[in-house]
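Since chain A is already given, all that's left is putting chain B on it; use the hints.
Those protein sequence lines, which keep their order, are chains A and B.
Every letter in the first sequence is one number past the one before it in the working numbering, and letter 50, counting from 1, is 176.
Every letter in the second sequence is one number past the one before it in the working numbering, and letter 15, counting from 1, is 25.
Check the hints yourself; a few may be wrong.
To be verified - Cross-link-like lysine-lysine pairs, in silico, PhoX-like; alpha carbons within 25 Å at most:
hint : chain 1 : residue 1 : chain 2 : residue 2
1    : B       : K81       : A       : K223
2    : A       : K223      : A       : K195
3    : B       : K79       : A       : K223
4    : B       : K67       : A       : K129
5    : B       : K67       : A       : K223
6    : B       : K75       : A       : K223
Unchecked claim - Which stretches of chain B does chain A cover? Using the computed rule of at least three CB atoms under 8 Å from a CB of chain A, they are:
hint : segment
7    : 51 to 58
8    : 103 to 115
These are calculated hints, taken from the structure and not from any lab test.
Note that the Cβ used here is the ideal one computed from N, Cα and C, for glycine as well.
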Amino acid sequence: DAKTTQPTSMDCAEGRAANLPCNHSTISGNEYVYWYRQIHSQGPQYIIHGLKNNETNEMASLIITEDRKSSTLILPHATLRDTAVYYCIVRGSDNDKLIFGTGTRLQVFP
Amino acid sequence: EAQVTQNPRYLITVTGKKLTVTCSQNMNHEYMSWYRQDPGLGLRQIYYSMNVEVTDKGDVPEGYKVSRKEKRNFPLILESPSPNQTSLYFCASSWTGFNQPQHFGDGTRLSIL
Chain A
127 DAKTTQPTSM DCAEGRAANL PCNHSTISGN EYVYWYRQIH SQGPQYIIHG
177 LKNNETNEMA SLIITEDRKS STLILPHATL RDTAVYYCIV RGSDNDKLIF
227 GTGTRLQVFP
Chain B
11 EAQVTQNPRY LITVTGKKLT VTCSQNMNHE YMSWYRQDPG LGLRQIYYSM
61 NVEVTDKGDV PEGYKVSRKE KRNFPLILES PSPNQTSLYF CASSWTGFNQ
111 PQHFGDGTRL SIL
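The following block holds chain A by itself, in its conformation from the complex (with noise of 0.2 Å):
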């Protein structure tokens, strides 16, 4: 089962920064959180991961709160290509697979 929640979908207006929420209130201290996004039909693309600091790469930052309760993905500059279904996955010493919810289907517009 999934242990994260996610908002259904959300709108985003190109060249603004995208803000896409993830609680998991329940993970324990040596859980990750994983972000992946998939666009239409093609594989899940890895974005980032971490444990309890905040994460930076080319192209995402991740910000997880001091409790490690909730995170937050941030794509500063949407683009249209970033319309995706996004996913927050938390993964443990237990899980060497990923356990893919129902994400945060994400639309950009003009």
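Positioned in the frame of chain A, the structure of chain B alone reads:
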């Protein structure tokens, strides 16, 4: 370029005709896995492999076989395909460890008539 390659990308076949979906990765990853994706059910793991000659069942292994004779290849075998195996299949690979991201192939869409 680092990638996970699946073949074929699309296949329409008939019940009972054995088929193999190949998966190859060029990143020297130890871990490989197969998922299937169905509407309303999300991605579910079929089989995984921690290294050469080491494979194990995922959540939905019935009707599938795998093998891992070389590190780079992890074929998915459907010995006697049935219509309920019509689905979108993804192969993934990673370094060992739950802090290592898995990288996915582009998918194989199978239709079993």
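- Query: Within 25 Å, alpha carbon to alpha carbon, are K223(A) and K195(A)?
  - Reply: holds, 21 Å
- Does K129(A) lie within 25 Å of K67(B) when you go C-alpha to C-alpha? At roughly 22 Å apart (the allowed maximum being 25 Å), K129(A) and K67(B) satisfy the hint.
- Are at least 3 residues of the segment 103 to 115 of chain B within less than 8 Å of chain A when you compare beta carbons? With 7 residues closer than 8 Å to chain A, the segment 103 to 115 of chain B meets the three-residue bar; holds.
- For the pair supplied as a hint, K75(B) and K223(A), is the alpha-carbon distance within the 25 Å limit? holds, 18 Å
- Within 8 Å of chain A (C-beta), three or more residues of the segment 51 to 58 of chain B: holds (count 4)
- Measure nothing beyond the straight line between the CA atoms of K79(B) and K223(A); if it is 25 Å or shorter, mark the hint as holding. Given pair K79(B), K223(A) holds - Cα atoms ~21 Å apart, limit 25 Å.
- Query: Are the Cα positions of K67(B) and K223(A) separated by 25 Å at most?
  - Reply: holds, 11 Å
- Task: For the pair supplied as a hint, K81(B) and K223(A), confirm whether the alpha-carbon distance does not exceed 25 Å.
- Result: holds, 18 Å
Of the numbered hints listed earlier, not one is contradicted by the structure.
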